[in-house]
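With the hints as a guide, bring the two chains together.
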Amino acid sequence: MPLDASDFGAIWLTFKLASLTTLLLLLVGTPIAWWLARTRSWLRGPVGAVVALPLVLPPTVIGFYLLLALGPHGFIGKTTEALGLGTVVFSFTGLVIGSVVYSMPFVVQPLQNAFTAIGDRPLEVAATLRASPWDTFFSVVLPLARPGFITASILGFAHTVGEFGVVLMIGGNIPDKTRVVSVQIFDHVEAMEYAQAHWLAGSMLVFSFLVLLALYGSRRGKSAWSSA
Amino acid sequence: MRISAPRLALTSLFTLFAFNSAWADDVQVAVAANFTAPIQAIAKDFEKDTGHKLVAAFGATGQFYAQIKNGAPFEVFLAADDSTPAKLESEGATVKGSRFTYAVGTLALWSATPGYVDSKGEVLKKNAFKHLSIANPKAAPYGLAATQVLDKLKLTDATKGKIVEGQNITQAFQFVSTGNAELGFVALSQIFQDGKVTSGSAWIVPAELHDPIRQDAVILEKGKDNPAAKALVEYLKGPKAAAVIKSYGYEL
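Each protein sequence line maps, in turn, to chains B and F.
Just so you know, the first sequence maps onto residues 1 to 228 in UniProt numbering.
Just so you know, the second sequence maps onto residues 1 to 252 in UniProt numbering.
Just chain F, with the same shape it has in the complex (with noise of 0.2 Å):
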């Protein structure tokens, strides 16, 4: 079939229009890293039931701060860690009250050779590796959460000259995946899905090795007229989206 070029202009231009007037009420997100695949899940689902769209931006919790701070226009932030949600609402940045848990997170030391880790990660201890990745402490909570594991197992001088950081938790799950780094610190929520792990070989790290990864949102000030935001949160409240968290390995 031949369409000519100004037909398929004024139909593309009218589909947009459709586009916009059905899904009136957007909701800009900011979504730390470690979420994006829950948080893609989720849309879809608020998107059927409440007809409003999220559009997600992914990135490092600290980068976003910057951004925010600067005129960036996203309306909900749901943050890797509860330290810069509340750092945002005590500056005035935030609609208050808004500010809540919505998942904490589990680290998980994981590599992507079937095997390599045991399920009591004695690999660690062992010290046979070349790399151990992990997200940049300083800037992403997971990366925190890492270096607080290793210093309760004694093993912070042993593994001082192995550590490679991603900037987030996604790239180090990246060094992982492509086999540069034989293992690494990732968010449980990267490599488990349905209540099992999907690849690799994994050590679910316990709880009490490092300070619980509390990830909190908040509605931003841009945010605060947005009908769409309000259901956002109040959707992640919900059981919905709550059974979802779950099976990606969050505890609530």
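Here chain B stands alone, though its shape is the one from the complex (with noise of 0.2 Å):
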């Protein structure tokens, strides 16, 4: 197998990459996905469309504002420096902050899909039985809700690891760092390595057809998104 060391670092980063995104989305999109699927606010329809931006808009698009944004002139860049952090653009930590806007939809949707679809019921005889908030979303909302949780982990994992356009607008293609397999992937076709490329995109393939056959399988006649 020609894959060298520079590959399995790619391999590697792109799974810490996706794993770390993930469990930070399950973290910020499972308050969001709570709201929206709740609340009755005039700002739903405006917070639910910024959520779904990054379905419509070209990872070029997030990649350059990001690019702008976190920069040494960008409003997060002057903040992370003033605060001593310095900018995050060509680190990881950047591409794990440009990678949880880009994957917020594919988790935060199929969450609030499921508790839409658990209604007021449940929480309604939850409270009659004097439960908190709190015991409530966890006895009774998370329990309900778990198969959206797992549709909404393995599609930001999925999402995450065939990111692209993002990294390459803010990554520096740094080994070990901000090269992923994708841009190893562009690497090596750019540097007619194709052998190479084979190998790794052939790898991504089979990869990404396992993780969906996992998710549509395994749940047959109901639709990934709509998860109740």
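Don't read these hints as lab results, they were simulated from the structure.
Being a predicted model, the structure only gives us computed values, none of them experimental.
Hints may contain errors.
[Claimed, not checked] Sample of chain B residues at the chain F side, in silico, Cβ under 10 Å: (1) I62; (2) L67; (3) L70; (4) F92; (5) T93; (6) M169; (7) G171; (8) G172; (9) F186; (10) V189; (11) E193; (12) Y194.
Built from N, CA and C at the ideal position, the CB exists for glycine as well.
As structure tokens, this is what we get:
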């Protein structure tokens, strides 16, 4: 197998990035999805639209604005520099931030659908049994929304693995820090190293298929998105 | 003024045909990213002087190679190196005998901040920067030249953890121009016009610090029957194009 150390470095980095991104997205995405599912506020539309933006925007647009915003002249970059953290462009931290933005809808939307599908009834019943809102959330909502969490995790992970444009724009192609598999494949193709490109690209194809098979195959007859 | 929709459509359609017939000979050109600005200037003169229209796509040379080998509709290829056109020639993907050097690139160490880069490049040795941007050395000749310069100056180890790579020279430039990298190796053509550096500060790297960046052009198989492809190649060899190419800091 013609894969070398830099290829395995890229695979490990991609795995790390996707895992951390998924974890963060579950933490951040759950309250957002819950709010979107329950609120009657007029803000529901605008917030939902913002969360869904990465579905339609080209990754280059997100990458370009992240490059400007996180850079030393951007508002986020200025803040992080003032806090003594420096700028996060060209770093693993920067990629995590980019990936969280980029994969947000793939986690929030399945969760939101799962929460909506639970409906008011189980919550009202829990309330009559004097369960606190937190108790209700952990003892009633979480178990009922489990399929939604599984879908959200798989899609968030897989979508981050498939990320390319954002990483290309803010990564700087640094080995073991920002050179993920998709960029490594692009590099191989550009350098005309087609054998290595084939191995990596083929592995990616098989991996993606297996992930989606696990997702769709295990839940016959139900859509992955409306997960109740 | 109100124009009805059908009428607007008809007018647009008519305009489209009119343009098509006026420029019957379009030439599809794959252009190395570093040559973006000069070819745009040349294209204007070329269209005015010959009546042919130049349709340019910009990108990295390695990427163009893959696209050309897989049936991309390019008729002329202005590469960033001399090895890729030679490779295409040896594989029979070009018009024999059409290959020539249209420009020799100049490398520059550039910062968007005025006064940051001194005229001798001492800033590199001081090593007080966080990020040094270069183009991907595996795919872009300017990136390869940049690594050769660092080697020659014995700075490869010292700068190792600070190098960030753009996929092509345009992105290497973008990292510097947005301030994300304090400085970087770019093509002089990106920051040079009418004989001077247009913004920030730069060190024009002496040619002996790296292998020459010979940029070759070639007529591709798809362009063999297109008079506009031939016309463009001839035009590039002419004095008018040469003046433009030189004004962007290339040698000939």
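Restraint satisfaction for F186/B [CB to CB of chain F, less than 10 Å]: Hint on F186/B: holds, closest Cβ of chain F at ~7 Å, below 10 Å.
* Closest C-beta approach of Y194/B to chain F relative to 10 Å, hint status -> holds (8 Å)
Interface restraint verdict for I62/B against chain F (beta-carbon cut-off 10 Å) | Cβ of I62/B sits 15 Å from chain F, so the hint is violated.
Interface restraint verdict for E193/B against chain F (beta-carbon cut-off 10 Å) = holds (8 Å)
**Asked** Is the hint on V189/B kept, meaning its closest Cβ partner in chain F is under 10 Å away?
**Response** This hint holds: V189/B lies near chain F, its Cβ roughly 6 Å from the closest one there, short of 10 Å.
> Would the stated hint for G171/B survive a check requiring a Cβ distance to chain F of less than 10 Å?
Replying inline: With Cβ-Cβ at 8 Å, under 10 Å, it holds.
- prompt: Does L67/B meet its interface restraint, that is, does its C-beta lie within less than 10 Å of any C-beta in chain F?
  reply: Hint holds; L67/B Cβ to chain F Cβ min 6 Å, cut 10 Å.
Checklist entry - Hey, does the G172/B contact hint survive, CB to chain F under 10 Å? => result Cβ of G172/B sits 3 Å from chain F, so the hint holds.
Given hint M169/B near chain F, where the shortest CB pair must fall under 10 Å = holds (8 Å)
*Regarding the hint that L70/B lies at the interface with chain F, is the smallest CB-CB distance below 10 Å?*
Holds. Min distance 8 Å.
* When the nearest CB of chain F is found for T93/B, is that gap smaller than 10 Å? -> Violated - the Cβ of T93/B stays beyond 10 Å from chain F, reaching only about 14 Å at its closest.
Interface hint compliance - F92/B to chain F, C-beta minimum distance less than 10 Å: violated (13 Å)
Checked against the numbered hints above, the structure violates hints 1, 4, 5; every other hint is satisfied.
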